[in-house]
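Line by line, the protein sequences give chains A and B. One point on numbering: in the working numbering, the residue at position 82 of the first sequence is 82, and numbering is uninterrupted. One point on numbering: in the working numbering, the residue at position 79 of the second sequence is 79, and numbering is uninterrupted.
In short, the hints are calculated from the structure, not lab data. Being a predicted model, the structure only gives us computed values, none of them experimental. Note that beta-carbon positions come from the ideal geometry of N, C-alpha and C, so glycine has one too. Don't take each hint at face value.
Listed next, with one range per pair, are the computed distances between beta-carbon atoms [what the hints assert, rightly or not]: (1) B:Glu15 <-> A:Ser62: 47 to 53 Å; (2) B:Gln42 <-> A:Val12: 19 to 25 Å; (3) A:Leu27 <-> B:Pro8: 30 to 36 Å; (4) A:Thr80 <-> B:Asp10: 36 to 42 Å; (5) B:Pro107 <-> A:Asn57: 44 to 50 Å; (6) A:Ser59 <-> B:Glu5: 18 to 24 Å; (7) B:Ser76 <-> A:Lys18: 48 to 54 Å; (8) A:Ser86 <-> B:Thr20: 30 to 36 Å; (9) B:Asn18 <-> A:Thr55: 37 to 43 Å; (10) A:Val98 <-> B:Asn38: 16 to 22 Å; (11) B:Gln14 <-> A:Lys52: 47 to 53 Å; (12) B:Gln42 <-> A:Arg63: 36 to 42 Å; (13) A:Ser62 <-> B:Asn18: 47 to 53 Å; (14) A:Ser65 <-> B:Ser76: 46 to 52 Å.
Which stretches of chain B does chain A cover? Using the computed rule of at least three CB atoms under 8 Å from a CB of chain A, they are [unchecked claim]: (15) 14-25; (16) 90-100.
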Amino acid sequence: ETGVTQTPRHLVMGMTNKKSLKCEQHLGHNAMYWYKQSAKKPLELMFVYNFKEQTENNSVPSRFSPECPNSSHLFLHLHTLQPEDSALYLCASSQRGVQYFGPGTRLTVT
Amino acid sequence: GIQVEQSPPDLILQEGANSTLRCNFSDSVNNLQWFHQNPWGQLINLFYIPSGTKQNGRLSATTVATERYSLLYISSSQTTDSGVYFCAVGLGNDMRFGAGTRLTVKP
Numbered sequence: 001e002t003g004v005t006q007t008p009r010h011l012v013m014g015m016t017n018k019k020s021l022k023c024e025q026h027l028g029h030n031a032m033y034w035y036k037q038s039a040k041k042p043l044e045l046m047f048v049y050n051f052k053e054q055t056e057n058n059s060v061p062s063r064f065s066p067e068c069p070n071s072s073h074l075f076l077h078l079h080t081l082q083p084e085d086s087a088l089y090l091c092a093s094s095q096r097g098v099q100y101f102g103p104g105t106r107l108t109v110t
Numbered sequence: 001g002i003q004v005e006q007s008p009p010d011l012i013l014q015e016g017a018n019s020t021l022r023c024n025f026s027d028s029v030n031n032l033q034w035f036h037q038n039p040w041g042q043l044i045n046l047f048y049i050p051s052g053t054k055q056n057g058r059l060s061a062t063t064v065a066t067e068r069y070s071l072l073y074i075s076s077s078q079t080t081d082s083g084v085y086f087c088a089v090g091l092g093n094d095m096r097f098g099a100g101t102r103l104t105v106k107p
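The shape of chain A in the complex, shown without the other chains (with noise of 0.2 Å):
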């Protein structure tokens, strides 16, 4: 599965860095979403996209920035994190509501 790719796969970072994920869809679609996936929870959705425009924000701390250049790219800025915020973070795009996953991003907090 090509269709989304995410960099990088796996990520350490202390609290103090800055880093950022980067998800690439190449399938076309109009509509791109960031999930976490912590251990022994349910995905949650943190951001949706459509057309380059925020739709949803699910109440996520503001250490984490979403930015959407355009509709084929989306990026998840990261800054001052918490342990607790270790997890895989997963990109997905859309077209009439059926989602693709991209890999996911392994994310751990130290």
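Given chain A, put chain B in place with the hints provided.
Chain B in isolation, oriented as in the chain A frame:
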């Protein structure tokens, strides 16, 4: 918000057995999808099925929207079917995931 319950939480099968996974949801939805997450974390879309019945090989799914549930059937299970199966429901792009059913198929 919409509540999503999946059952059973864990399921262990012998290769070749059949199984039924259930997803109950609390409100009307216009989007329902089933996903399989493999051991490496990749989520694969199995079905987009807000209503009706669909089949794809050994897998089939049925959603009864008026009664707010969906079923995923796996027939003649194989070891490669192991992983976590998620149901996701919602309105448009706002999707809520269930906690998943962890399936283990033993050879």
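**Request:** Starting from the range 30 to 36 Å, see whether the pair Ser86 (chain A) and Thr20 (chain B) falls in it by beta-carbon distance.
**Result:** 34 Å, holds
| Outcome for the supplied range 46 to 52 Å, where the beta carbon pair is Ser65 (chain A) and Ser76 (chain B) | 47 Å, holds
Notebook entry, point to check: Should the hint that Glu15 (chain B) and Ser62 (chain A) are 47 to 53 Å apart at their CB atoms be regarded as holding?
Noted result: Holds - the Cβ-Cβ distance for Glu15 (chain B) and Ser62 (chain A), about 49 Å, lies within 47 to 53 Å.
That 36 to 42 Å hint for Thr80 (chain A) and Asp10 (chain B) (C-beta), does it hold up? 37 Å, holds
key: Given coverage of the segment 14-25 of chain B by chain A, checked by CB-CB distance under 8 Å (3 or more)   = With 0 residues close enough to chain A, the hint is violated.
- Query: Do the beta carbons of Gln42 (chain B) and Val12 (chain A) sit within 19 to 25 Å of each other?
  - Reply: 21 Å Cβ-Cβ, so the 19 to 25 Å window holds.
* Could you say whether the range 47 to 53 Å given as a hint is met by the Cβ separation of Gln14 (chain B) and Lys52 (chain A)? => Taking Cβ atoms as reference, Gln14 (chain B) and Lys52 (chain A) lie about 49 Å apart, which means the hint holds.
- With respect to the beta-carbon atoms only, verify the hint that Val98 (chain A) and Asn38 (chain B) lie 16 to 22 Å apart. 19 Å, holds
Discussion item. Tell me if the beta carbons of Pro107 (chain B) and Asn57 (chain A) are separated by a distance inside 44 to 50 Å.
Written reply: With a Cβ separation near 45 Å, Pro107 (chain B) and Asn57 (chain A) satisfy 44 to 50 Å, so the hint holds.
- State, for the Cβ atoms of Asn18 (chain B) and Thr55 (chain A), whether the hinted interval 37 to 43 Å holds or is violated. Given about 40 Å between the Cβ atoms, the range holds.
* Asked: That 18 to 24 Å hint for Ser59 (chain A) and Glu5 (chain B) (C-beta), does it hold up?
  -> 22 Å, holds
How does the segment 90-100 of chain B fare against chain A when you require at least three residues with a CB closer than 8 Å, holds or violated? holds (count 9)
Hints 12, 15 from the earlier list are contradicted by this structure; the remaining hints agree with it.
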